[in-house]
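**Student:** Listed below are the residues making up each chain.
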Amino acid sequence: MPMIRIKLGRWTAILLAAGAGLVCLPAQAQWGSIRGNNRAEPRGNSQGERMSRAPEVHAERGRNETRVEVPHEEHREVFSRPEVHEEHRGPSEWEHRRFDFDEDRRRGYFWSGIASGMLYNALPSGYVPITVGGSPYYYYDGAYYQREPSGYMAVTPPIGAVVPALPPGSEPVSTPQGVFYYGAGAFYVQQPQGFQVIPPPLGATVSYLPPGATQVYLRGMVYYQAAGVYFMPVMQGGVTVYTVVQP
Amino acid sequence: MKFLAWAGAVSLLAVTTDAQTVPRVDPQAERVLRAACQYLAEAPYFSINAEIWREHVNEEGEKVQFSRSMEMEIRRPNRLHAEIASPHSDRVFWYDGKSLTVLDRKQNVFSSVNMPATLDETIDTARDQFGIDFPMIDLAVSDPWTNAMAKVITGRYFGLAPAMGFNCHHLAFTQENIDWQIWVQDGPQPLIRKFIITHKNEPGVPEFTGLIREWDFNSRISANTFAFQAPPGAMKIQMHGDAAQPGEGVPRPTGATEPRSTR
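Those sequence lines, one after another, are chains A and B.
Taking the working numbering, I'd label the letters of the first sequence as residues 1 to 247.
Taking the working numbering, I'd label the letters of the second sequence as residues 1 to 263.
Chain B on its own, in the form it takes in the complex:
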């Protein structure tokens, strides 16, 4: 009986150890990232002006990088306004603590859905239920440190390096699903200036890059910034859930598009 209890305890320990792998993070990397995250978490509101790059690997294996400008205003704990734009695409997001509205400026159509009462919950709901990706939303969560470290395996510190014209601490972290790097401005304001996610398990290993040109922690953000007002002529359209299959809610095909016989 004692043996069984001992064996059980050992098994439990093994499972626990396996499931809760302690991250191996360089102390300097931890210190820099903690400072950056704490600085962000303590800011009641802020805005950024950034550029984001996304890589796409096509069927030929060719990697192409597409860029967008991005402006984002955050007021904790439940306000967000973001505009992600290029000459071909212009999308604006408003979250006012109750609903999320997405405007496609190019087509002048918008869609709104109810959301939870906090930004953290809304980020997850928008992602899980509607497939909405808020780039660099890690800056806006209530606890950036816990969010960043949630699945980290290793973290390293590479010293100072220039990024966006600032002398920055260069950190690199690994996870099972992604690797990510971050450049944190040296000095009294530990501002994040550059951020890269490497999707190492995806074909072609595409990367996401965020480059933050400007941070503003001082200018008060008007409440109107977070309130959606439809532009002239804008039409409301449905928002489909991410898991919804194309064809749901539309008439059944007829004529030439009747279901085919199966083999």
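Isolated chain A, as found in the complex:
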């Protein structure tokens, strides 16, 4: 039976190393003034505390790739979906401080230019075929595609899909239910074989909206809606961030 090798992304490697205490995750505590830097960090915001609370990664350590058996003749689901075993660790302090340049930063990622409904002649080089609920999809760097008669259409990340690495620029998100990850407009939970797309967890706060989100007004409040999910804007750290809510 043929084997394919799927290299884990640098993010995954860093998370693995962080879980093992090998690397420092970016603390991003820098302030734009002497005064700001000289103030004592608020509760739990010291770099050391962040690092000590960095979420563990439940994956085999000491390897930088994983093997997944895939039948050659058909693209069945590449990754198994074992039960979620994310450990609840309480509120995490690992989330980085909000910066207004987060908006600029995400524009440098491949997925930032991809919106659901866009049609392409060909898939990007290096795509990964996956199957979710019996339907074939193609994944590359945070973007999901489905085959159409006239090409490949970018689609909303399908719930249940498991991908080998988080999309570039993903951010950890702590909720009362545990630590998740948000990248390219989708939420992920860690699995032994990768990261699984999950429904947006209520209460999760993220630094940007999913591509294609539109502003809506409900009962005198402003929200953003994307694929049936509502995000409430709040000001945090002097920048607008977005919390998943049920209005």
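If you are wondering where the hints come from, they were derived from the structure by calculation, not from laboratory data.
Cβ coordinates follow ideal geometry from the N, Cα and C atoms, glycine included.
One should not assume that every hint holds.
[Claimed, not checked] Looking from chain B toward chain A, a few residues come up when the C-beta cut is under 10 Å (computed):
(1) GLU60
(2) SER86
(3) ASP128
(4) GLY131
(5) ASP133
(6) ALA148
(7) ALA150
(8) LYS151
(9) THR154
(10) PRO162
(11) PHE195
[Claimed, not checked] Not close to chain B: a few residues of chain A, all C-beta gaps over 10 Å, as computed:
(12) PRO129
(13) GLN146
(14) PRO149
(15) PRO158
(16) ALA227
Let chain A serve as the given structure and place chain B on it in line with the hints.
**Tutor:** Below, chain B without anything else, positioned relative to chain A:
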């Protein structure tokens, strides 16, 4: 008994010396910085037009620099107006001696919170309670010299160098948490033209840079400048504290997002 008293005195001296390390600052560096700080402190109001750069080091170790234009008006002791903008982001801050309002022009949303009666207290409250970073706010504090020197270990003078088209005195200071450099215009007006903070303990050693194009100490600043007026259609949103955890104040998850079993 005398021995114990003597030993105690020596211990106290050692602790005091350790805790209050005397900064080693080149006299020329001190003279230039004092002059710049005094000039600022004596200004009842001023405005600047600047550019700020922030470096971000990503997971790959790649360092990328992001820039913003910045305009700031200050009237001591309790007025501030600042706009920090780029084609992707545009935020405006108003402090009128009672409250701080932040407007996100791109999303047309704003948020206001009560603040203390002075700019110094407001800067600290905004930073500590709401995680708000006012870039280059060291220019606006009531005592810029004490503020700048609070944690300095060493200070050096590197002579004259060009910065923003002006001949400037180049100074460099070290602290435990950061290093910073400053370029002060030579001549009768000791204006700060360039400012760099090196976050030497952060992965990738990112830097913050401020470049001040224009200073204005003469034009009177209208009181309206510091009074927030909501733009048409702007919606008010909540301001979360910096220590607040995501999820506070929102409904408890249900269905597929129920808490998972723990191992």
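**Student:** Hint check: is the beta carbon of SER86/B less than 10 Å from a beta carbon of chain A?
**Tutor:** Nearest chain A Cβ about 7 Å off; hint holds.
**Student:** Against chain B, does PRO158/A keep a CB gap of more than 10 Å to every residue?
**Tutor:** holds, 14 Å
**Student:** A cut-off of 10 Å on Cβ-Cβ distance, and ALA227/A was said to be off the interface with chain B. Does that hold?
**Tutor:** Non-interface label on ALA227/A holds, nearest chain B Cβ at 14 Å vs cutoff 10 Å.
**Student:** Is the interface hint for LYS151/B satisfied, with its Cβ closer than 10 Å to some Cβ of chain A?
**Tutor:** holds, 5 Å
**Student:** May I ask you to test the interface hint for GLY131/B with respect to chain A, counting a Cβ-Cβ separation under 10 Å as satisfied?
**Tutor:** Cβ of GLY131/B sits 4 Å from chain A, so the hint holds.
**Student:** Taking 10 Å as the cut and beta carbons as the points, is GLN146/A off the interface with chain B?
**Tutor:** holds, 22 Å
**Student:** A closest beta-carbon separation below 10 Å is what the hint needs, so does ALA150/B meet it against chain A?
**Tutor:** holds, 6 Å
**Student:** Holds or violated: is there a CB of chain A closer than 10 Å to the CB of ALA148/B?
**Tutor:** For ALA148/B, the interface hint holds, since the closest Cβ of chain A sits about 6 Å away, which is under 10 Å.
**Student:** Answer holds if the nearest beta-carbon of chain A is closer than 10 Å to that of ASP128/B; otherwise answer violated.
**Tutor:** holds, 6 Å
**Student:** Regarding the assertion that PRO149/A does not contact chain B, is the least Cβ-Cβ distance greater than 10 Å?
**Tutor:** holds, 33 Å
**Student:** Identify whether the interface hint at GLU60/B stands, where standing means a beta carbon of chain A within less than 10 Å of its own.
**Tutor:** holds, 6 Å
**Student:** Is it correct that the beta-carbon of PRO129/A has no partner in chain B closer than or equal to 10 Å?
**Tutor:** holds, 25 Å
The structure is inconsistent with the numbered hints 9, 10, although it conforms to all the rest.
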